[in-house]
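Listed here are the chains, written in short residue letters.
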Amino acid sequence: MPKEQADWLKTWQDSQEKLMKQYAGWGEEWMANMLGNTKKEPDFLKGWFKSQGDLGGQFSEFSKRLNEMVKNTWGDKIPADMLKFMNISFFEEFYKNWLSSLELPGGVKTSPGGDGGWQQATDFFHSFLDKDNPYFSSFSNGKITDHMNRVFGMLQGALGQEESALSDILNGYQEFFGKMFDSTTSQSTEKLAEVFEAWAKEMEKNLSAPKLGINRELAHDMSQLLVLSQDYIQTYSKMARLIEATGRKAGIRFQTKLSESALRNKPVNKFVDLCALWSVENEAVFTEVMGSQEFAKLQGDFINAGHRLKIQCNKLAERALEPTPIALKRDLDLVIAEITQMKRDVRTLQRELREKGKETQMAREAQAAAEEEVKKTKIALKAAEVAAQVEATRVKDAEGATQVEAKKAKAAGAAAEDLAKRVKSAGKTVKAATTSKTKSKNV
Amino acid sequence: MLTFPHKFKESLEDFNKYAASLKKGMENLASLNEVTADQAEHHVNCGGCRACRACCTKKELIYQDGKRKLYRYTPRAKKVCPVPTMVVYAMVNRYTMLDLQPNRSIIRNLLDHGQDVYLIDWGYTDRMDRFLTMEDYIDGFINDCVDIVRERHQIAAVNLLGVCQGGTFSTVYAALYPEKVKNLITMVTPIDFDTKECLLNVWASAFDADLMIDAYGNVPGDMMNSAYTMLQPFSLSIQKYINVVQIMEDTDKLTDFLRMEAWIFDSPDQPGETLRQFLKEFYQGNKLVKGEFKLDGRMVELKNITMPVLNIYGDFDTLVPPVSSKALLKHVGSKDVEELTYPVGHIGMFVSGKTQKTLAPKIAEWINKRV
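Chains as they are written, first to last, in the working numbering: chain A, 1 to 443; chain B, 1 to 371.
Keep in mind that the hints were calculated from the coordinates and are not lab data. Please note: incorrect hints may appear among the correct ones.
[What the hints assert, rightly or not] Below, simulated PhoX-like cross-link-like pairs (lysine-lysine); rule was C-alpha separation at most 25 Å, straight line:
| # | chain 1 | residue 1 | chain 2 | residue 2 |
| --- | --- | --- | --- | --- |
| 1 | B | K253 | A | K270 |
| 2 | A | K408 | A | K396 |
| 3 | B | K67 | A | K329 |
| 4 | B | K369 | A | K343 |
| 5 | A | K297 | B | K196 |
| 6 | B | K335 | A | K358 |
| 7 | B | K357 | B | K369 |
| 8 | A | K10 | B | K330 |
| 9 | B | K287 | A | K270 |
| 10 | A | K343 | B | K240 |
| 11 | A | K270 | B | K294 |
| 12 | B | K287 | A | K297 |
| 13 | B | K182 | B | K17 |
Everything numeric in this text was worked out from a predicted model, so none of it was measured.
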């Protein structure tokens with residue numbers, strides 16, 4: 001940590017210690033008085049406010065220096081958006097809020113914090129609506145007045161006029177929008193919307209005056225810009241009214257919760273607890289409102305009005321650039337759209353090529369497989385032929401053998417027949433011999 | 001009300017403690033330069049993650065199409081699932097949330113549990129992306145990446161894990177190309193947009209998306225961030241920074257906080273035409289669940305999702321309310337569907353201690369049973 005920062009922190013702590021001692025002494029004196037141990041009247045308010053002032057200064061410096069330190073030590077390492085949200089000045093705001101929740105001795109109620117800090121929450125919400133916040137302003141990173149500045153600057157340049165009614169309009173715009181974003185109440189914003197309407201009518205008259213020297217189309221576009229701006233301010237003012245009313249409601253709820261805690265003898269006297277309570281109670285009220293169709297409609301109207309205004313500004317900027325050789329946004333958009341389409345076509349072609357490639361590969365593989373099959377079939381055929389020949393030979397051999405066997409069988413048959421004949425003949429001979437022998441015996 | 005001086009004294013003492021924490025925290029903040037410098041070597045593995053302040057899980061670039069990249073994380077387990085899981089993150093914010101730091105990394109946990117993880121990095125949108133449509137992202141980039149992974153692994157289908165808007169894209173993809181998706185896992189994914197439980201859905205019904213895109217072209221990430229902050233304006237814009245003082249003395253906690261903040265504000269712009277479609281077709285038309293959504297002329301029918309589906313959501317998600325995610329299972333055609341819920345919010349699903357130990361193992365187990 002740089003020496004300068006370390007020194008400052010040390011000084012700050014010393015001052016804080018000193019103040020603490022002062023408070024301690026003052027408190028003891030007060031307690032003693034309450035108990036009747038001393039007749040000396042403490043100078044409550046003097047001591048109180050002096051200490052408050054010193055402490056307020058301490059907090060204020062603390063916030064300021066802390067912001068510097070965060071930016072110095074961390075600024076190049078974290079996104080700018082984060083820094084924007086990490087606005088340490090809210091310590092100071094909370095301090096004020098904290099002080100205003102205190103009740104002075106002797107029943108004297110006051111608000112030592114002065115403006116009550118963020119009790120109404122509107123201030124906080126105002127930061128969402130302000131010119132630097134991209135969400136509601138609808139102008140992203142640029143402030144609306146900067147945006148207008150650029151557009152009008154371009155128009156002036158294009159028209160080649162140093163002094164013109166355009167300057168009046170631009171100055172008027174800057175003034176109105178500056179006031180609008182700095183308005184702290186919806187009433188003042190509403191009043192501003194009324195004034196703007198009258199001013200816009202006046203400006204419209206100027207637009208058609210010959211001294212401006214602009215053509216009818218441009219005059220119409222400028223006039224449209226005024227109408228849309230009016231719409232933007234009016235929708236802003238309606239949003240502001242709802243937020244203000246919600247802030248009041250949330251403030252009452254927060255105060256009620258504080259009182260309830262105090263009545264239960266559990267006062268919320270710690271800084272972190274107070275912040276937490278404030279945050280929880282406000283969020284409950286605001287998110288309920290923000291979830292309503294009424295809020296959605298108001299917000300939608302406001303955002304739409306902002307977008308219409310931005311589109312009109314873009315249109316004017318284009319018109320200012322038309323006579324110059326600078327490429328217009330719409331030209332670039334056309335080119336980008338065309339390139340995107342070409343990329344799409346290339347992607348489709350690549351995909352088709354991949355598919356075709358796959359099909360070709362599959363066809364090749366199928367062909368190779370078919371050729372392999374043919375080869376295998378041929379081999380199988382040849383093998384089958386060989387096998388058939390072998391089989392045929394075997395069959396032939398078998399036939400020869402069969403014939404021989406048949407002959408043998410025939411011969412055997414003949415022999416058998418011959419044998420049978422011979423047996424028969426022998427039988428006859430035996431029979432004849434037997435008959436003659438019997439006759440001889442009988443004789 | 002604080003009537004008594006001793007209470008006031010107590011308050012001051014308390015604040016002094018707070019201020020002392022802040023002082024130490026600031027010293028700590030200043031010394032973080034050295035802490036992050038020591039880890040510079042790890043940035044080599046980040047693949048262009050500009051917000052990274054610590055280790056990122058090692059990954060390899062597999063394919064690149066302009067700004068869009070397909071990474072494969074180096075497997076960390078001995079046995080790796082044969083079907084890889086491809087993560088499709090949202091286009092809002094960066095995928096680095098899934099691999100924020102070693103002890104808060106769903107990617108690392110999935111790898112440790114044997115998954116083979118691929119991830120699509122959409123990159124940072126610029127003007128050249130102004131006219132890219134959902135067809136380009138879903139039919140184009142996601143489909144290309146799926147095909148590449150299928151081819152690399154010689155498989156017919158991959159596991160698809162979609163996160164938030166990436167989950168919606170993955171669901172559309174799975175409905176159109178069911179043959180290429182083995183299992184579908186959706187995390188904190190909006191499906192039914194007709195709900196009043198999220199302010200975004202209520203607000204979206206009342207503004208003109210065409211005007212916004214016509215005014216901006218690509219919609220700035222800053223603007224999206226402001227809208228998200230508005231969902232809980234007091235907690236996210238103030239309370240968070242009050243509370244951080246109490247942890248600033250702890251270097252690890254402070255670094256964790258800053259890393260998280262850096263991620264939150266690391267918001268790419270939204271490509272105009274894609275956002276126009278997303279807002280009009282889904283947020284305003286709720287066409288996905290109505291069965292009226294067409295992509296490039298083809299009707300996207302959720303009943304075509306017949307592969308197993310695991311739907312994961314957070315009970316306290318304020319960005320994508322549970323009712324919006326739960327609708328998926330009512331509309332898909334799959335018989336094998338499962339829900340997994342955690343008592344966490346949208347971001348808590350990825351970084352909360354409650355999910356770190358169990359979420360990835362459960363996903364891995366669910367996948368392993370189905371491959």
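Tested hints:
Simply put, K253 (chain B) and K270 (chain A) have alpha-carbon atoms about 23 Å apart, close enough for the 25 Å limit, and the pair holds. Restraint check for K408 (chain A) and K396 (chain A): the C-alpha separation of about 18 Å stays at or below 25 Å, so the hint holds. For the hint linking K67 (chain B) to K329 (chain A), the alpha-carbon distance of about 23 Å falls within 25 Å, and the restraint holds. A hinted pair counts as satisfied when its Cα atoms are at most 25 Å apart, and K369 (chain B) with K343 (chain A) does not qualify at roughly 40 Å.
Simply put, K297 (chain A) and K196 (chain B) have alpha-carbon atoms about 14 Å apart, close enough for the 25 Å limit, and the pair holds. Note on K335 (chain B) and K358 (chain A): the hinted pairing is violated, with a Cα-Cα distance of about 33 Å set against a maximum of 25 Å. Straight-line distance between C-alpha atoms of K357 (chain B) and K369 (chain B) comes to about 20 Å, which keeps the hinted pair within the 25 Å bound. Only pairs whose Cα atoms come within 25 Å are accepted, and K10 (chain A) paired with K330 (chain B) is rejected, the gap being roughly 63 Å.
Annotation: proposed proximity of K287 (chain B) to K270 (chain A) is violated, straight-line Cα distance about 50 Å (limit 25 Å). At most 25 Å may separate the alpha-carbon atoms for a hinted pair to count; K343 (chain A) and K240 (chain B) exceed this at roughly 44 Å. Proposed proximity of K270 (chain A) and K294 (chain B) is contradicted: the alpha carbons are some 56 Å apart, above 25 Å. A hinted pair counts as satisfied when its Cα atoms are at most 25 Å apart, and K287 (chain B) with K297 (chain A) qualifies at roughly 22 Å.
With a C-alpha separation of about 57 Å, the suggested pair K182 (chain B) and K17 (chain B) falls outside the 25 Å cut-off, and the hint is violated.
When the structure is compared with the earlier hints, violations turn up for hints 4, 6, 8, 9, 10, 11, 13 and for no others.
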